[in-house]
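Q: Each chain is listed here by its residues.
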Amino acid sequence: MVQETTPVLFYFGFRAKAEAVRLALAAAGVEFENQVLTHADVPAVKKDPAAYPFGQIPRYRDGEVDLVQSGAILRYLGRRHGLYGAPAGASEAEAARAAALVDQLLEGVADLRSRLVPLVYRPNLQTEEAKQEHWDLHVAPSAVDGPEVRGGHVLHLQRFIERHGQGGFAVGPSLTIADVALLDLTDLYLSKHADKFSLVYPALADHHAKIAALPRIAAYLASPRRLPK
Amino acid sequence: MPKPRLIYFPIQGRAEPIRLALAAAGVDFEFEAANKEAIKSDAEHYPFYQVPRYIDDEVDMVQSMGILRHVARKFNLYGKDRVEMARVEEVIEGCNDLIMKLFTECIVKAKEDPGAKDAYWAARIDPASAAGAATYGAHMAFLDRLLARSSSGYYLDSGLSVADIVMTVNMQLHLGAFSRERLAEQWPSLMALHDRVLALPRIAAYLAGPLHPAVMHPMAG
Numbered sequence: 001m002v003q004e005t006t007p008v009l010f011y012f013g014f015r016a017k018a019e020a021v022r023l024a025l026a027a028a029g030v031e032f033e034n035q036v037l038t039h040a041d042v043p044a045v046k047k048d049p050a051a052y053p054f055g056q057i058p059r060y061r062d063g064e065v066d067l068v069q070s071g072a073i074l075r076y077l078g079r080r081h082g083l084y085g086a087p088a089g090a091s092e093a094e095a096a097r098a099a100a101l102v103d104q105l106l107e108g109v110a111d112l113r114s115r116l117v118p119l120v121y122r123p124n125l126q127t128e129e130a131k132q133e134h135w136d137l138h139v140a141p142s143a144v145d146g147p148e149v150r151g152g153h154v155l156h157l158q159r160f161i162e163r164h165g166q167g168g169f170a171v172g173p174s175l176t177i178a179d180v181a182l183l184d185l186t187d188l189y190l191s192k193h194a195d196k197f198s199l200v201y202p203a204l205a206d207h208h209a210k211i212a213a214l215p216r217i218a219a220y221l222a223s224p225r226r227l228p229k
Numbered sequence: 001m002p003k004p005r006l007i008y009f010p011i012q013g014r015a016e017p018i019r020l021a022l023a024a025a026g027v028d029f030e031f032e033a034a035n036k037e038a039i040k041s042d043a044e045h046y047p048f049y050q051v052p053r054y055i056d057d058e059v060d061m062v063q064s065m066g067i068l069r070h071v072a073r074k075f076n077l078y079g080k081d082r083v084e085m086a087r088v089e090e091v092i093e094g095c096n097d098l099i100m101k102l103f104t105e106c107i108v109k110a111k112e113d114p115g116a117k118d119a120y121w122a123a124r125i126d127p128a129s130a131a132g133a134a135t136y137g138a139h140m141a142f143l144d145r146l147l148a149r150s151s152s153g154y155y156l157d158s159g160l161s162v163a164d165i166v167m168t169v170n171m172q173l174h175l176g177a178f179s180r181e182r183l184a185e186q187w188p189s190l191m192a193l194h195d196r197v198l199a200l201p202r203i204a205a206y207l208a209g210p211l212h213p214a215v216m217h218p219m220a221g
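Chains X and B, in that order, are what the protein sequence lines are.
Numbered per this note's numbering, the first sequence spans residues 1 to 229.
Numbered per this note's numbering, the second sequence spans residues 1 to 221.
Please note that the accuracy of each hint is not assured.
Some but not every residue of chain B turned toward chain X, in silico, with C-beta under 7 angstroms [what the hints assert, rightly or not]: (1) Met-1; (2) Glu-32; (3) Pro-47; (4) Phe-48; (5) Val-59; (6) His-70; (7) Arg-82; (8) Glu-90; (9) Thr-135; (10) Gly-137.
Don't read these hints as lab results, they were simulated from the structure.
The structure presented is a predicted model; accordingly, all values stated were derived computationally and were not measured.
Built from N, CA and C at the ideal position, the CB exists for glycine as well.
With these hints in hand, go ahead and build the complete structure from the sequences.
A: As structure tokens, then:
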């Protein structure tokens, strides 16, 4: 039997692109080590293409894989730890449908993240104007039919989970990597807009509360490994 | 199994990797031109108000990369196990990052800024910039580096996968902006992969047939 190696996640001391991965590991009950890199480590990352083929972090390493690209890591963990929607004994068709729902929601979440992340992590973009502009275009329900939206709108996510989620999960009847990715995104909106967001998107706020309260995830969120930002 | 249906605009666009994957797998499919009114009024079938939409005996879904993963899984273009699947994902993510930069920094920007194409080449294609601080994961060198890990001529040792298909589309899009000579000179392995994929009999047949749109993208080329 292969010796189980404690997984190591290499990333900055921020949530950002690594947080969905951390949440997935926590949800799966997998102990992992956060190897925190700083700005001073970046040149070494760029000079180590074997370990960092894109010159980027996060990087995830365990006894089976050494991976980069947050989406690749998240999906690998979903497959390895039964978080891709298919229960044991599912038929191929059931598994395909479950995975299709997970992947659709992951893409929808990623679309919005890419538009939101600059507002959270780039200082010169954290203005009230930028925040309002993002709300007006991607969050306000009335904007969903506007020409500029092109798939990136919060209302699509709420409708998707209302249609496809069971028992409070995002898609299907059980916890998946789509739940943790959505929790992570909703976190950002709650931090920027707080009650305003919850009032307009009660299903997303309820989803956030439910997932955050699951025992393993609640324990992680209360732990020192949960970074402040 | 009834033929899968692909609903999209009559362009290559975001659906081309899906079409190429179906072709590579020898799966005949039907194409339907998207109805713009339906896309915005039928939230059940167009949950993100977007196409492509894909329907087969197992799924009715949207999101081009979600569809590609489904097709890959169903028709054995995803590698032999979860480790190979993860390698495929690394390539897809890296290709999509570079394609996004090609559009924003090169194709769209070049309409107003005559220096945009040269700047894009210097930042994202020229090998000299691969170790630089500002790549943010988007550089042709990284995709070449991943290809070099395999000995099969494809990204996976076990053979053709959608990683190769997405990289081929990536190269096609770059060929719309830069000459073949320049690209092949800098990245001969990636160009050889592109040529190898397009020459596969089922793909060559698809490219010569009625399901392959003539237009790559409204803005490209």
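Q: Please write out, lowest number first, the hints stated earlier that are contradicted by the structure.
A: 1 and 2
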